[in-house]
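Visitor: Based on the hints, put chain B in the right spot on chain A.
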Amino acid sequence: MAESIRVEHAAHHDDHHGHHEMSFLEKYVFPLDHKMIAMQYMFTGMFMALIGGFFAYAFRWQIAFPGTEAPFWGQVSPADYNSLVTNHGSIMIFWVAMPVLIAAFGNYLIPLMIGADDMVFPKLNRLSYQIFLLSALIILASFFVEGGAFGGAWTAYPPLSTKAEYSLTPLGSTMWITAVALEFVAFLLGGINFITTAMNSRAPGMKMWDIPMVVWMIVIASILFMLSVGPLLAGGIMMLFDQNLGTAFFDPDRGGDPILWQHLFWFFGHPEVYVVLLPAVGIVAEIITVFARKKLFGYKTVLYTAIGTGVLSFTVWAHHQFIAGIDPRMANVFTVTTLLISVPIAEMMFVYIATLYGGSITLSTPMLWALSFIFEFLIGGITGIFLGASGNDIYMHDTYFVLAHFHYTFYPIAIIGTYAGFTFWFPKMFGRMMNDKLGKLHFWLTIIPFNTIFLPLFVLGAAGHHRRIFDYRNFPELSYPWMWDLQALATYSLIVMLLAQVIFFYNVITSWISGPVAPKNPWNSNTLEWTATSPPPHGNWPEGLPTVYRGPYEYSHPDRKSSDYWPQNEPA
Amino acid sequence: MSRPIATTRSAAGMPTPRLAVWWLIASEIVIFGGVLGSYIMHRLAHGIWADYAANTNPWIGAFNTFVLLSSSLSAVLAHQAAERGDGKRAANLLYLTTLGGAVFLCVKAFEWTTEISHGMTITANTFWSFYYTAAGIHAAHVIAGMIIMVIVAQTAKKNLELHRVEIIGIYWHFVDLVWIFLFPLLYIAK
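Those protein sequence lines, which keep their order, are chains A and B. Our numbering puts the first residue of the first sequence at 1, with every later residue one more than the last. Our numbering puts the first residue of the second sequence at 1, with every later residue one more than the last.
Chain A extracted, bound-state conformation:
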């Protein structure tokens, strides 16, 4: 039983870390163990994803069938609509993608993959989660205060976000910016922990190029986050003062500048895309090498392109502001940098395809997710080139084309990337194998509706449908019957996709309780986490921490006759 395994490990832990029996509170509520904190982040993130998904359902219902009651929600009022889209975006980025991809996988994988017994600062790690949880509670609580939750879009442009007489959410706006700022603080603390752990606590013998790609990616993402979020934190303080003290940082009537907020927001907001992209790309690298039984093609190329992407990502932010009144000459500069950034990303995708080429591919559930990531993200990336060109973006701005584009990037990142990683490391996390048939059913019932939600929206956006219109019946000259059909198709697909997630949760729960017991290394993988027991005890390797002798991707190595993989910790 999973439970008995955990009890046994708790005993190990006591030998290892300070000889006392841990209470339920110490172990599950205020843990110091990086794996338990990872699970806290993972399940909080998944819970928030359900809420964000439900919001999407409610406002998509209003878009497709305006004026009718959405089952389980009721009539969506204009104010509801605004706060639903705002918080759908905010929650999916800040309370789903960030905690799951960076914090959960980072916490779980970094110590295990570099052969350490924990993060370097376990208490800081715990504090980071607690601040994050507080921020999540604040954003959820904002729905129940006077005036309701903030509805000025996840970008929170002033004056809508700073003036209560415009937003009509006096408390909701303040709670939104407070929650976001706290969330940033949580991830700054977590990021320092991740970076320091990966830099300093690697197992003996693990050199720079022996670090698994996902660890590199989470570290680079943490650095990107750290270097981009500061100005927005400062901007958040200014916004709080504008809202509550009556300053005028963003109020042009009194000497402020609303565009300043846009710069501060997007200076963070664009690197943020890569902050969440890179961990997902790292997860995919781990999975495709294992299930293609091939060495990662161009390890250093992937690494350098990731660093190049990171550097470039600081120079593209104003492509979000082409119609905000920035100097057209600046728009040209940002068009060039935006188109440039697709080069390293494209290179990374080619490297992955080259890794797959000639491999002996097993189409397991994690592999399906990983392959679909490459395929779907490619669509997101290519449509980004349309939007990066300022001449075209002026027409496309704020249409469903933009919306479909960034969902084709964020969905592969946050949802596909998470499912890929979760199904891949599930045996390690819970000591049980997942049901592969249910996993594949869930995969197809998620990936097909995903495409039928957003492909129609590309068409609608190109036809000029504007993404912030509450009720298109007010603009009959702008919407034709075929457009209504496509909107309805997207909404029906969303409902199918949301229902399909029941399969996933059913699979997780039944596999956790009664799935076949997982061996240490079910996928015949090389990296260190697979040498610990499934699940690993507190301290990870009570029998002694591993030593590393080779890189992480030595699959089908010609010198290795006995098997097609060569674990990192096996002496030559």
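If you're looking for bench data, these hints aren't it; they were derived computationally from the structure. Some hints here could point you the wrong way.
Claimed, not checked - With a straight-line Cα cutoff of 27 Å, these simulated DSSO-like cross-link-like pairs (lysine-lysine) come out: (1) A:Lys520 x A:Lys207; (2) A:Lys123 x B:Lys190; (3) A:Lys207 x A:Lys295; (4) A:Lys440 x A:Lys207; (5) A:Lys561 x A:Lys520; (6) A:Lys123 x B:Lys157.
Here the structure is a predicted model, which means the values were calculated and not measured.
Guide: Chain B only, in chain A's frame:
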């Protein structure tokens, strides 16, 4: 609770706490960079801000700069004492540094009270908004540094965790350095 083995390793060749505080400072630099960058852009666009800035008192600012820089000296001396293993002296020097921070804050409080009573409040105009916000965020860092410094001094007094003296010192120098940027930007540039 013993420390994990992870904390004691140093594959990058630098002790973990020192490495971490440098990353903390990296994240702080961009926070202050955001405030000061926004301030400088506004300042360049509004010539009239020079008139507002004329109301700040550079002598008080200079005195505070002197106080903070002196407190950095005692932080260095504390580190030196800690290296020698003299925890008691290190703790006393840290208390002295904290005192420097306290003097800085008292002067600041006096200065702000005078300015506010003359109508130069945070909402008077955007220059004063930046003035109080930037210096306020800095003051919050001074207060945080002082609290941590007292905690570090408490353990250092018993000759425990002496490596922390250096860490809080690095942080304190950073807080000073931010002031070195604030002082000319808010007080001297007219």
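Visitor: With reference to the structure, classify each hint as holding or not holding.
Guide: Here's how the hints hold up against the structure:
no.: 1; hint: A:Lys520 x A:Lys207; in the structure: 24 Å, holds
no.: 2; hint: A:Lys123 x B:Lys190; in the structure: 47 Å, violated
no.: 3; hint: A:Lys207 x A:Lys295; in the structure: 17 Å, holds
no.: 4; hint: A:Lys440 x A:Lys207; in the structure: 37 Å, violated
no.: 5; hint: A:Lys561 x A:Lys520; in the structure: 22 Å, holds
no.: 6; hint: A:Lys123 x B:Lys157; in the structure: 23 Å, holds
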